[in-house]
Amino acid sequence: MSELSVDHLLGIKYLTKEDIGTIFQTADQFKEVINRPIKKVPSLRDITVANLFFENSTRTRLSFELAEKRLSADVINFSASSSSVSKGETLVDTVNNILSMKVDMVVMRHPNPGAAVFLSQNVESIIINAGDGAHEHPTQALLDAYSIREKYGDLKGKKIAIVGDILHSRVALSNIFCLKLLEAEVMVCGPTTLIPKHIDSLGVKVSHSLREALEWCDIANMLRVQHERQDIKYFPSIREYVQQFGVDMKLLNELSKPVTIMHPGPINRGVEITSEVADSDQAIILNQVENGVAIRMAVLYLLASKRKMSF
Amino acid sequence: MVKKELLNSHSIDIILNRLACQLIENHEDFSNTVLIGLQPRGINVARRLLLKLKEKGITAPAYGQLDTTFYRDDFRRRDSPLHANQTVIDILLEDKKVVFIDDVLFTGRSVRAALDAILSFGRPSSIELLILIDRRFSRELPIQPTYSGKRVDSIASEKVLVEWEEENEKDCVYLIKPKNE
Chain A
111 MSELSVDHLL GIKYLTKEDI GTIFQTADQF KEVINRPIKK VPSLRDITVA NLFFENSTRT
171 RLSFELAEKR LSADVINFSA SSSSVSKGET LVDTVNNILS MKVDMVVMRH PNPGAAVFLS
231 QNVESIIINA GDGAHEHPTQ ALLDAYSIRE KYGDLKGKKI AIVGDILHSR VALSNIFCLK
291 LLEAEVMVCG PTTLIPKHID SLGVKVSHSL REALEWCDIA NMLRVQHERQ DIKYFPSIRE
351 YVQQFGVDMK LLNELSKPVT IMHPGPINRG VEITSEVADS DQAIILNQVE NGVAIRMAVL
411 YLLASKRKMS F
Chain B
648 MVKKELLNSH SIDIILNRLA CQLIENHEDF SNTVLIGLQP RGINVARRLL LKLKEKGITA
708 PAYGQLDTTF YRDDFRRRDS PLHANQTVID ILLEDKKVVF IDDVLFTGRS VRAALDAILS
768 FGRPSSIELL ILIDRRFSRE LPIQPTYSGK RVDSIASEKV LVEWEEENEK DCVYLIKPKN
828 E
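Quick mapping for you: the protein sequence lines, in order, are chains A and B.
One point on numbering: in the numbering used here, the residue at position 39 of the first sequence is 149, and numbering is uninterrupted.
One point on numbering: in the numbering used here, the residue at position 66 of the second sequence is 713, and numbering is uninterrupted.
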């Protein structure tokens, strides 16, 4: 194993296959750490991390905060709704003000695609992208791939269908980059209006039939319909969407082989998957959440290790 | 580079035999004792020691492997990255007698990290240290072994290399000196 090839985690598209291997191997050890009676190691005790959330988040923010605290880092939290951003301050100014309080790493979620890349070019800090608009959400893709690796051993040749609102999903894009890098096969499935044109140029299959996608795949990653990013109606009604793209036990039982169900959360029960599916043995949704902490610890640890101590 | 043999497989065998006897003298039936191999190289010594103990009737002492990477004091101070190995400790160590097992005791910093790391699994009633080779004049911290295989006088630029039959062709301990000395 070697160092990561990058100084920031801005997106999966900047990582190499070796980087992902290093992150996974480190996450294996952190997964053991977070299952100990005392779930904390002192590695990052001299590091301060700022979690900047310019967009709502529950799971990702808690997961990052827990990962930081398990590594003994000092943590400060910031959410846009209660900040000076609403008073007209620019992103670079906001972040530079925070950095002048001696912050070493920034975890940022922002509604604008490219915000993390922009920040990495304009401020002196380690940047971790926790989601930038409909662009990338690298730690989610890493934890999804890690959860598949945990269940199946290797991703090479595995067939993964990503189902739902592909157009507005940063999870879908990061997942496609990550899974392709690990030599898995990917299919996207959803209503025509919610699948970007030319997405096949990323080397993925496209289907508009849920049954066809589920028959093809080993694993289905079910995405939420992102109403908050939709400025127009992309399908006639939720009821119709559920009929066409909702997964229930009846459908899963009719398939020729068992399909593993994943979901990045938050789940809209009864829309993309029914409660019965979400709580079934085929779903690894809560494993994904647990793995999220281990993956984020690995990313924080490996990026921090590249920033040498100065005296 | 000059490679000098310090111990051959016969003398390693005699030493491991003695260390096993010393452990039995202090721990009797091992009912409240947990042996902990320190990753990465301590587990090789531990594996051999477990075989020796088995020969002497201690068939299944509690055993675990501890990795100390996340507790080291040189994180962000090294040029080469640190990578963690597997920790396997399936038992709570509260009130247990713990014995750390490692191959070479040099600066004492790994053992300090291990003392820190082990507390995540409970508060042992005592912690002892068993090592195969003690580089006794190289300590940077006030740490001494409880059971010592062989003491070696060496300087910082020299290296002690322990090889095992399982990975190399034979059991052997070498002292490696840089050529210009």
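Bear in mind the hints are in silico, worked out from the structure with no lab data behind them.
Check before you lean on any hint, since a few could be wrong.
Stated by the list, open to error - Just a few of them, taken from the derived set where beta-carbon distance is under 8 Å, the chain A residues facing chain B:
1) E113
2) V116
3) T136
4) E142
5) N145
6) R146
7) I148
8) V151
9) G224
10) M297
11) P301
12) T303
13) P306
14) K307
15) Q336
16) S415
Claimed, not checked - In the DSS-like style, the derived pairs of lysine-lysine whose C-alpha atoms are separated by at most 30 Å in a straight line are:
17) A:K149 - A:K127
18) A:K343 - A:K141
19) A:K150 - A:K212
20) B:K743 - A:K141
21) A:K179 - A:K360
22) B:K703 - A:K179
23) A:K150 - B:K743
24) A:K141 - A:K123
25) B:K797 - B:K703
26) B:K806 - A:K418
27) B:K744 - A:K150
28) B:K806 - B:K826
29) B:K703 - B:K743
30) B:K817 - B:K797
31) A:K416 - B:K806
32) A:K269 - A:K127
33) A:K315 - A:K290
34) B:K743 - A:K149
35) A:K141 - A:K315
36) A:K315 - A:K416
37) A:K149 - A:K360
38) A:K290 - A:K269
39) A:K360 - A:K261
40) A:K149 - B:K744
Even for Gly, the Cβ is constructed at its ideal location relative to N, Cα and C.
Original post:
Going by Cβ atoms only, is A:S415 closer than 8 Å to chain B?
Top reply: holds (6 Å)
**OP:** Assess, step by step, whether the Cα of B:K703 is no farther than 30 Å from the Cα of B:K743, and give holds or violated.
**Re:** holds (22 Å)
Original post:
Does the structure keep B:K797 and B:K703 at a Cα separation of 30 Å or less?
Top reply: holds (22 Å)
Original post:
Has the given pair, A:K150 with B:K743, been kept, meaning a C-alpha gap of at most 30 Å?
Top reply: Roughly 21 Å separates the two Cα atoms, so the pair holds.
**OP:** Could you check if A:I148 really has its C-beta closer than 8 Å to a C-beta on chain B?
**Re:** holds (4 Å)
Original post:
Holds or violated: B:K703 with A:K179, Cα cutoff 30 Å?
Top reply: Violated. B:K703 to A:K179 sits at ~46 Å, over the 30 Å cutoff.
Original post:
Regarding the hint that A:P301 lies at the interface with chain B, is the smallest CB-CB distance below 8 Å?
Top reply: violated (45 Å)
Subject >> Satisfaction of hint between A:K141 and B:K743, Cα-Cα up to 30 Å >> reply: Holds, at about 25 Å.
Original post:
Does A:K360 pair with A:K261 here, judged by a C-alpha cut-off of 30 Å?
Top reply: holds (24 Å)
Subject >> Per-residue hint verdict: A:K307, partner chain B, C-beta under 8 Å >> reply: violated (42 Å)
**OP:** Would you mind confirming whether the straight-line C-alpha gap from A:K290 to A:K269 stays at or under 30 Å?
**Re:** holds (11 Å)
Original post:
Is it true that the CA of A:K150 sits at most 30 Å from the CA of A:K212?
Top reply: holds (23 Å)
Checked against the numbered hints above, the structure violates hints 2, 5, 9, 10, 11, 12, 13, 14, 15, 18, 21, 22, 35, 36, 37; every other hint is satisfied.
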